[in-house]
Amino acid sequence: MWSYLGRRLIQVPLVLLVVSLMTFLITRATPGDPVQIMLGMQTSPEAAAAMRKEFNLDRSLPEQYGLWVAKVATGDLGRSMRLNDRVTNLIAERLPISLRLATAGMLFALLVSIPLGVIAALRRNSWIDYLCTGYTVLGFAVPNFGLALILIYVFSIKLDWLPITGIGTAEAETGGLWKQFSPFIIPAVALGTLQTAMLTRLLRSSMIDVLSQDYMRTARAKGLLPATIVVIHALKNAMIPFVTMAAVQFGYMIGIQVTIEYIFAVPGMGSAVLNAVVNRDFPVIQGFTLVISIFFLLANILADMLYALLDPRIRY
Amino acid sequence: MSLLSVRNLRTRFATDRGDVRAVNGVSFDLAEGEILGLVGESGSGKSVTALSIMRLVPEPPGHVAADSLAFDGRELLALSEAEMREERGSSMAMIFQDPMRSLNPVLTIGRQILEVLRRHQKLDGAAARKRAIELLEMVGIPSADKRLSAYPHQFSGGMRQRVMIAIALSCNPRLLIADEATTALDVTIQAQIIDLVKRLTRERGTSVIWISHDLGVVAGLCDRVNVMYAGNVVESGPIRELFHRPGHGYTLGLMGSTPRVDGTGARRLTPIEGMPPNLIDPIELCPFLPRCRVAVAACRAQPPARRDLDMGHWATCFADLPT
Amino acid sequence: MADARTLPFQFRGSLVLAARQFPRNRAATVGFVVLLLICLAAALAPWIAPYDPIQIKLAMKLKPPSLEHWMGTDHFGRDVFSRMLYGGRTSLSVGLLVVGFAFAAGVPLGLLSGYFGGKLDNLLMRLVDAFLTFPPLLLAVALVGLLGPDIKNVMLALGLVQAPILARMVRGSTLAVREDAYVMAARALGASPLRIVLSHLLRNMVSPIVVQLTVVFSAAVVAEASLSFLGFGTQPPEPSWGRDMSEARRFLGDAPWMFLAPTGIIAICVLSINFMGDGLRDALDPRAWRTRRSVAAEENGA
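Chains as they are written, first to last, in my numbering: chain A, 1 to 316; chain B, 317 to 639; chain C, 640 to 941.
Because the hints were derived from the structure by calculation, they are not lab data.
Among the clues, some could well be false.
Using 30 Å as the maximum straight-line C-alpha spacing, the simulated DSSO-like pairs for lysine-lysine come out as follows [claimed, not checked]: (1) B:Lys438 to B:Lys514; (2) B:Lys462 to B:Lys438; (3) A:Lys236 to B:Lys462; (4) A:Lys158 to C:Lys702.
Model the full assembly from the supplied sequences, consistent with the hints where possible.
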């Protein structure tokens with residue numbers, strides 16, 4: 001098991017190398033001179049040259065990449081060209097907020113998909129099963145930013161129950177429980193609905209599959225109570241693919257949530273990348289995408305580990 | 317007084333092509349301590365009969381009815397589901413064909429034994445563990461205390477079936493139903509399991525319904541045999557009687573297609589030609605008629621009636637069969 | 640040893656059979672018809688749109704849906720319905736282009752990888768892994784944001800995400816089919832790899848490839864809308880489903896039709912494509928077919 005983990009972790013830097021190379025090439029393929037854009041047309045050649053030197057833009061492409069990789073190996077992701085700060089500091093500010101949003105979205109997804117999936121499987125072709133199917137279909141079809149707008153319209157504007165902004169603000173950090181959590185509600189629902197749809201569908205079909213297995217018949221033949229049969233015998237089996245997919249989806253979240261961050265003014269990783277692209281802030285783009293990719297890779301490895309943990313038949 | 321009394325059991329399944337009559341009027345008795353064999357090919361209704369007795373048939377699409385289904389004097393069909401749950405696993409138990417698929421792969425063996433003890437005998441903690449170890453030793457599993465924390469995939473096929481037997485017998489049931497319990501096992505292991513069941517049930521006076529398509533297995537184990545075809549019992553009798561003097565065309569066919577080790581005369585195996593009937597359309601005459609080698613004129617004129625051949629041996633067949 | 644899986648089916652004959660199967664799935668047929676209507680409407684936008692989508696008419700701004708303006712007007716007095724029609728041209732054409740790109744790039748790569756295996760396979764799959772690690776929307780944002788909001792860049796960005804997924808799927812199918820009996824037979828008969836690939840492997844992957852392409856299509860439509868929503872992609876004043884949704888944010892309370900129209904249209908597109916995809920999957924899988932003959936056979940208790 002540990003050797004498997006080790007092997008997987010070794011592959012991480014290789015993939016990251018390719019990812020970072022891709023990001024690097026994309027940024028360097030940008031038309032126009034980034035320094036010019038940054039400093040404006042009225043700048044002196046000396047200032048421009050100085051900036052170019054500071055960010056290694058006067059070197060050849062392979063040199064630039066090599067230098068960047070070398071710095072990353074020491075944990076230095078460089079400085080933002082636009083904001084006067086080290087990239088690592090910016091990440092330290094933004095990553096926790098993104099994680100909080102992603103967790104909120106995932107929590108919502110789990111809270112809805114687990115009961116819905118189980119009940120839909122137990123009561124096939126009942127009204128709740130159709131509700132479940134309808135919800136999952138809509139969850140797939142309506143894009144998360146569209147859903148966000150709908151929710152804002154209904155719950156914020158018309159009903160005035162929930163706030164729109166507030167994540168990452170000072171007020172939210174220090175206020176009471178409601179002030180801290182309420183800004184997350186609409187974004188979490190908008191963000192997590194797609195995951196809910198996928199997970200519900202997965203759990204439902206997984207449960208249906210499990211319920212038709214021979215060992216369920218044995219459990220019934222033992223005269224066990226229905227709750228025991230569903231939770232201990234069925235769910236434990238059905239949750240295995242569910243948990244692994246949930247872990248993978250969580251890994252995707254930070255990348256997906258950029259539209260949500262945009263709508264709700266959340267100072268997270270995604271919106272930082274957005275701004276960096278507009279501002280041609282290469283170090284930020286490279287550093288942030290690297291971290292987001294690391295997160296995704298780790299989530300995938302976690303998913304595999306969870307699978308091994310939950311299924312006693314799997315031993316790496 | 318028989319332990320189990322089945323009268324006119326009818327189980328059907330609703331499908332979009334019509335109702336499948338899986339069990340079409342089965343009646344028999346099972347005495348205390350008796351080992352009854354239920355023999356027939358796939359689709360004959362033997363498994364469904366067993367599931368109907370345990371009331372494990374999913375309803376819908378299934379539907380179980382009977383004039384009487386009396387177990388230990390109580391009408392099983394009149395019991396509520398909660399009451400049935402009290403019986404299952406405690407007074408009546410069942411083991412199934414494929415022990416790998418019949419045991420939950422993510423739960424330990426210990427867990428799967430303990431939960432029955434906890435449920436029906438209210439045992440817990442150390443007492444339950446002790447009993448579980450006793451049970452595993454009883455069925456011949458070595459290092460029983462270590463095995464409790466093992467998972468099904470870590471056992472061999474024969475050992476898994478032993479575990480199933482241990483679970484089934486854990487609460488001392490009056491009735492044990494074994495549905496093709498040895499079919500998925502190696503021949504040598506089969507013999508061990510059969511001996512184990514025979515010994516344990518004789519010791520406890522447990523009645524057994526042993527379901528199989530293998531006449532040889534049945535011959536070595538059972539006191540009586542019911543032969544089933546197309547949802548009916550077509551012949552019933554003590555084991556020796558049946559083998560000596562089969563009274564139904566189907567039984568005769570089964571014997572002719574079974575290889576014999578004692579080599580009574582080198583003869584070719586004669587398979588039974590044709591296919592069993594679909595169980596949706598009602599059958600007017602004898603269901604075996606299209607495939608029968610010994611049919612007589614009467615068979616084509618009217619449905620066969622039950623004919624007593626000897627003490628406790630009857631068959632629903634017009635033909636006069638040679639011994 | 641032949642079962643339905645190993646028998647190569649006659650391509651043309653089975654297409655006809657598949658075409659007959661499709662209408663049996665009502666949701667799929669509805670989806671197909673709806674999608675067709677939307678595509679036609681978008682294509683014919685210059686002729687059927689009641690108003691000029693970019694002409695500003697401040698007097699008519701923020702009017703709710705009415706007989707003159709079926710979906711109301713936006714903050715510049717522009718007819719939302721007309722903007723939806725024109726916006727469809729961008730979104731749907733991007734979707735189709737991405738499908739084409741994904742097919743052209745993903746299928747050959749997947750076939751090569753799966754058929755030849757070995758180092759090539761390893762290398763290609765590592766590349767695929769790397770592509771899939773990159774957060775797709777951010778990759779698109781970076782590409783389009785940095786290289787320019789050209790439709791080519793949008794297509795490239797979205798295609799670069801979808802092609803690897805398709806490649807991986809095709810590789811999987813190739814691996815499965817490669818070892819099947821009839822492929823071995825063809826090799827034994829001396830068929831060249833190209834011929835094997837084209838006539839045997841591809842034919843049997845038609846179903847999963849077609850279904851995956853419908854997924855690609857709907858994902859691309861949504862992704863293009865997301866890009867435009869974020870400000871990349873289609874630039875104003877050109878009509879765009881995603882962009883219009885972004886502009887609608889300021890007028891959420893006053894003019895909900897501004898965001899409801901594009902949201903609804905996108906959802907309907909995705910739904911139609913998905914239903915159609917389900918229907919295609921069933922229609923193209925010979926095992927799921929219920930021809931008159933097989934139904935009759937079942938009824939006679941075969």
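Do the hints match the structure? See the list:
For the proposed pair Lys438 (chain B) and Lys514 (chain B), the alpha carbon gap of about 28 Å is at most 30 Å, so the pair holds. Taken as a hint, the Lys462 (chain B) and Lys438 (chain B) pair is honoured in the structure, with Cα atoms around 23 Å apart against an allowance of 30 Å. Restraint check for Lys236 (chain A) and Lys462 (chain B): satisfied, since their Cα atoms lie roughly 23 Å apart, inside the 30 Å limit. Between Lys158 (chain A) and Lys702 (chain C), the direct Cα distance comes to roughly 19 Å. Compliance with the 30 Å bound is thereby established for this hinted pair.
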